[in-house]
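Could you fit the two chains together into a complex? Lean on the hints.
These protein sequences, in sequence, are chains A and B.
Under this note's numbering, the first sequence has 31 at position 31, and the numbering climbs by one with no breaks.
Under this note's numbering, the second sequence has 17 at position 17, and the numbering climbs by one with no breaks.
Read the hints as simulated data drawn from the structure, not as lab findings.
Fair warning: there could be bad hints in the mix.
Unchecked claim - DEER-style ranges, computed between Cβ atoms:
1. A:Pro-114 - B:Tyr-62: 16 to 24 Å
2. B:Gly-28 - A:Ile-82: 42 to 50 Å
3. A:Tyr-87 - B:Thr-18: 45 to 53 Å
4. B:Lys-88 - A:Ile-77: 16 to 24 Å
5. A:Pro-114 - B:Leu-67: 42 to 50 Å
6. A:Thr-86 - B:Lys-88: 39 to 47 Å
7. B:Tyr-83 - A:Asp-84: 21 to 29 Å
8. B:Gly-72 - A:Ile-76: 18 to 26 Å
9. B:Lys-70 - A:Ser-51: 17 to 25 Å
10. A:Thr-97 - B:Gly-38: 40 to 48 Å
11. A:Asp-72 - B:Lys-88: 35 to 43 Å
Since this is a predicted model, take the numbers as computed values, not measurements.
Backbone N, C-alpha and C fix where the C-beta goes; we use that ideal spot for every residue, glycine too.
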Amino acid sequence: MAFFSNFNWRKKQGLVEGGHSMASEEESTVKEPLDLIRLSLDERIYVKLRSDRELRGKLHAYDQHLNMILGDVEEIITTVEIDDETYEEIVRTTKRTVPFLFVRGDGVILVSPPLRTA
Amino acid sequence: MSTGGGEKGSGGGGSVKTPADFLKSIRGRPVVVKLNSGVDYRGILACLDGYMNIAMEQTEEYVNGQLKNKYGDAFIRGNNVLYISTSKRTLAEGA
Numbered sequence: 001m002a003f004f005s006n007f008n009w010r011k012k013q014g015l016v017e018g019g020h021s022m023a024s025e026e027e028s029t030v031k032e033p034l035d036l037i038r039l040s041l042d043e044r045i046y047v048k049l050r051s052d053r054e055l056r057g058k059l060h061a062y063d064q065h066l067n068m069i070l071g072d073v074e075e076i077i078t079t080v081e082i083d084d085e086t087y088e089e090i091v092r093t094t095k096r097t098v099p100f101l102f103v104r105g106d107g108v109i110l111v112s113p114p115l116r117t118a
Numbered sequence: 001m002s003t004g005g006g007e008k009g010s011g012g013g014g015s016v017k018t019p020a021d022f023l024k025s026i027r028g029r030p031v032v033v034k035l036n037s038g039v040d041y042r043g044i045l046a047c048l049d050g051y052m053n054i055a056m057e058q059t060e061e062y063v064n065g066q067l068k069n070k071y072g073d074a075f076i077r078g079n080n081v082l083y084i085s086t087s088k089r090t091l092a093e094g095a
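Just chain B, with the same shape it has in the complex (with noise of 0.2 Å):
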């Protein structure tokens, strides 16, 4: 079973060890963030701490796979969160 909230990015950080340093290695990285109630967010990492309180900019909110909204930046509360990955999402929306 694995522990902590993550998991293996492919295209870099081979050397992660412990989900502290998955933690740390993802920030400015495209990122799916799924919540407890099924909604996913994908967007870019800005930060993120040990409570799993995520923020991050160009945020797409996608319930049952459809686009619902779109977040310039947003803040997401840990204890709704129940996973993070990261994703090789390219970027289609200008700035």
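Isolated chain A (complex conformation) (with noise of 0.2 Å):
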């Protein structure tokens, strides 16, 4: 994995606050949501991206941009047609399955585990 070492990967170590400190004084070790993401390395996740897009994988990695690794992804395309005679909305999904994929911090909205919603 060399290729990653320029990278901030935090596996499962201390992280370094992002932002202004948060720390107050009842408490000692703040939480904060980057430390609850790291509750989730190794475990499937789920990703909402920009553009309409969702991934589902396995989180190998991350840092504090939200840059991640993800294994085993699948990655679901939505795309919302309008037919020009009809003017009825066309929803359509496309689906991708990527073994490997790094994923740039400044895309992601939203981490989860996947989701369990029937």
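So this is what it looks like as structure tokens:
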């Protein structure tokens, strides 16, 4: 994995706090949102991206920018076409699978454990 | 013009002075988070940081006012957040 040695991957190590320090007097270990993502390392997650894209894959690594390395990923691209004559909205989804994927953090909207809605 | 990204919550925190104080005071409360894209997320705020990255529980996603998705836990990247507002949301769904 020498290729990734330049990035700030944090694999189950203590995180440097991003942004202003949120430590208050009453708590010595303030949990940051990034700390909670750390709990999802090596777990499958759901990622919502800009441009109506979604990913489901196994989180191998991430950093404070939300750059992520995902394994065994399924990408779903959702498009809405509007028929010229009937003006109905046709929702299409395109899927593809990628064995190993680097996600640039600025496209990430939301990260969550996989949805369990039926 | 208001500075920072939040409003004063109703029902507590009467001495909120700065946006940072507001952010410290709203943990554990039901909140509404609106994104730049217009999508709404309602849930219980677990924690947040100075970049407005948000971690929430029992999150519901509303698009155009319609409930679209439910997430047990959700992390939202701060650059997408338009505002964080407290709400008097009652928890209708069971655990």
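Compare the structure with the hints numbered earlier in the document and write down the numbers of the violated ones, lowest to highest. Hints 4, 5, 7 and 10 not satisfied by this model.
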